[in-house]
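**Q** Each protein sequence line maps, in turn, to chains A and B. If you count the first sequence from 1, position 52 lands on 52 in our numbering, and the numbers rise without skipping. If you count the second sequence from 1, position 18 lands on 18 in our numbering, and the numbers rise without skipping.
Worth flagging that the hints you see were computed from the coordinates, not collected in a lab. In this text, all values refer to a predicted model and were calculated from it rather than measured experimentally. A virtual CB, placed ideally from N, CA and C, is assigned to each residue, including glycine. Just to be clear, a hint being listed does not mean it is correct.
Residues from chain B shown here face chain A by an in silico Cβ test under 7 Å; the list is partial [unchecked claim]: (1) LEU43; (2) ILE45; (3) ILE56; (4) PHE90; (5) VAL99; (6) THR100; (7) GLY106; (8) PRO107; (9) GLY108; (10) ARG110.
Below, a list of computed lysine-lysine pairs in the DSS-like style, where the Cα atoms sit at most 30 Å apart [unchecked claim]: (11) B:LYS36 to B:LYS19; (12) A:LYS49 to B:LYS44; (13) B:LYS36 to A:LYS49; (14) A:LYS49 to B:LYS52; (15) B:LYS9 to A:LYS61; (16) B:LYS44 to B:LYS22; (17) B:LYS71 to A:LYS49; (18) B:LYS40 to A:LYS61; (19) A:LYS61 to B:LYS36; (20) B:LYS40 to A:LYS68; (21) B:LYS40 to A:LYS49; (22) B:LYS22 to A:LYS49; (23) B:LYS67 to A:LYS61; (24) B:LYS40 to B:LYS22; (25) B:LYS44 to A:LYS61; (26) A:LYS68 to B:LYS44; (27) B:LYS41 to A:LYS68; (28) B:LYS22 to B:LYS36; (29) B:LYS22 to A:LYS112; (30) B:LYS9 to A:LYS49; (31) B:LYS71 to A:LYS112.
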Amino acid sequence: AQSVTQPDIHITVSEGASLELRCNYSYGATPYLFWYVQSPGQGLQLLLKYFSGDTLVQGIKGFEAEFKRSQSSFNLRKPSVHWSDAAEYFCAVVLYNNNDMRFGAGTRLTVKP
Amino acid sequence: DTAVSQTPKYLVTQMGNDKSIKCEQNLGHDTMYWYKQDSKKFLKIMFSYNNKELIINETVPNRFSPKSPDKAHLNLHINSLELGDSAVYFCASSLGLAVTDTQYFGPGTRLTVL
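For reference, chain A alone in the conformation it holds in the complex (with noise of 0.2 Å):
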């Protein structure tokens, strides 16, 4: 079946640390992939989107993160987290020529002092 993954449920890291959230798709074709980030209480933010070109993308935050085609990968890096930056995280996927954005089930980040 066609799917979104996000294999870690929560994450803890200390504030800091490097981080690296994971994204697994299971579409035939390479998607449209972005993620996106869900303070408390608040909605969805772009952190980044890839379409095409340069496997690693830079985004808002401080974020990056790299195309895997080979591993149908897209997984989000930050080098040193910053207190603020616990939240949920979610991976989207759009299917090429499909007008549905298909998310995953998210990934909490706590970040410790």
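Given chain A, put chain B in place with the hints provided.
**A** For chain B alone, kept in the frame of chain A given last:
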């Protein structure tokens, strides 16, 4: 100024009631969306409108009826509310028609059906 606003922020109601959630965007965008986020944080698109015209209509019970009086507003009316309708509903907007355009989300409306 808030870009995408929703009212109310919280809505508690009884089963069988009819309720509406309002959404307004002041970004000048042409497309607006409604999403439902269930208790497990699973987010799914429900509808999208472009310039007051329905574009996306996912498999949603016909108790849910979006209404767009103008391109800055997309309201969601729900008839005969059921327990399973309890969720957070997000409105969003984007400049273009494609769902791949950057979407700007409202803060959400938490609906609780008792």
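**Q** If a hint holds in the structure, say so; if it doesn't, say that too.
**A** Hint check results:
no.: 1; hint: LEU43; verdict: holds, 4 Å
no.: 2; hint: ILE45; verdict: holds, 6 Å
no.: 3; hint: ILE56; verdict: holds, 6 Å
no.: 4; hint: PHE90; verdict: holds, 6 Å
no.: 5; hint: VAL99; verdict: holds, 5 Å
no.: 6; hint: THR100; verdict: holds, 5 Å
no.: 7; hint: GLY106; verdict: holds, 5 Å
no.: 8; hint: PRO107; verdict: holds, 5 Å
no.: 9; hint: GLY108; verdict: holds, 6 Å
no.: 10; hint: ARG110; verdict: violated, 9 Å
no.: 11; hint: B:LYS36 to B:LYS19; verdict: holds, 15 Å
no.: 12; hint: A:LYS49 to B:LYS44; verdict: holds, 18 Å
no.: 13; hint: B:LYS36 to A:LYS49; verdict: holds, 22 Å
no.: 14; hint: A:LYS49 to B:LYS52; verdict: holds, 27 Å
no.: 15; hint: B:LYS9 to A:LYS61; verdict: holds, 27 Å
no.: 16; hint: B:LYS44 to B:LYS22; verdict: holds, 18 Å
no.: 17; hint: B:LYS71 to A:LYS49; verdict: holds, 26 Å
no.: 18; hint: B:LYS40 to A:LYS61; verdict: holds, 26 Å
no.: 19; hint: A:LYS61 to B:LYS36; verdict: holds, 26 Å
no.: 20; hint: B:LYS40 to A:LYS68; verdict: holds, 28 Å
no.: 21; hint: B:LYS40 to A:LYS49; verdict: holds, 24 Å
no.: 22; hint: B:LYS22 to A:LYS49; verdict: holds, 29 Å
no.: 23; hint: B:LYS67 to A:LYS61; verdict: violated, 35 Å
no.: 24; hint: B:LYS40 to B:LYS22; verdict: holds, 24 Å
no.: 25; hint: B:LYS44 to A:LYS61; verdict: holds, 25 Å
no.: 26; hint: A:LYS68 to B:LYS44; verdict: holds, 25 Å
no.: 27; hint: B:LYS41 to A:LYS68; verdict: holds, 26 Å
no.: 28; hint: B:LYS22 to B:LYS36; verdict: holds, 14 Å
no.: 29; hint: B:LYS22 to A:LYS112; verdict: violated, 37 Å
no.: 30; hint: B:LYS9 to A:LYS49; verdict: holds, 29 Å
no.: 31; hint: B:LYS71 to A:LYS112; verdict: violated, 43 Å
The structure shown violates the earlier hints numbered 10, 23, 29 and 31.
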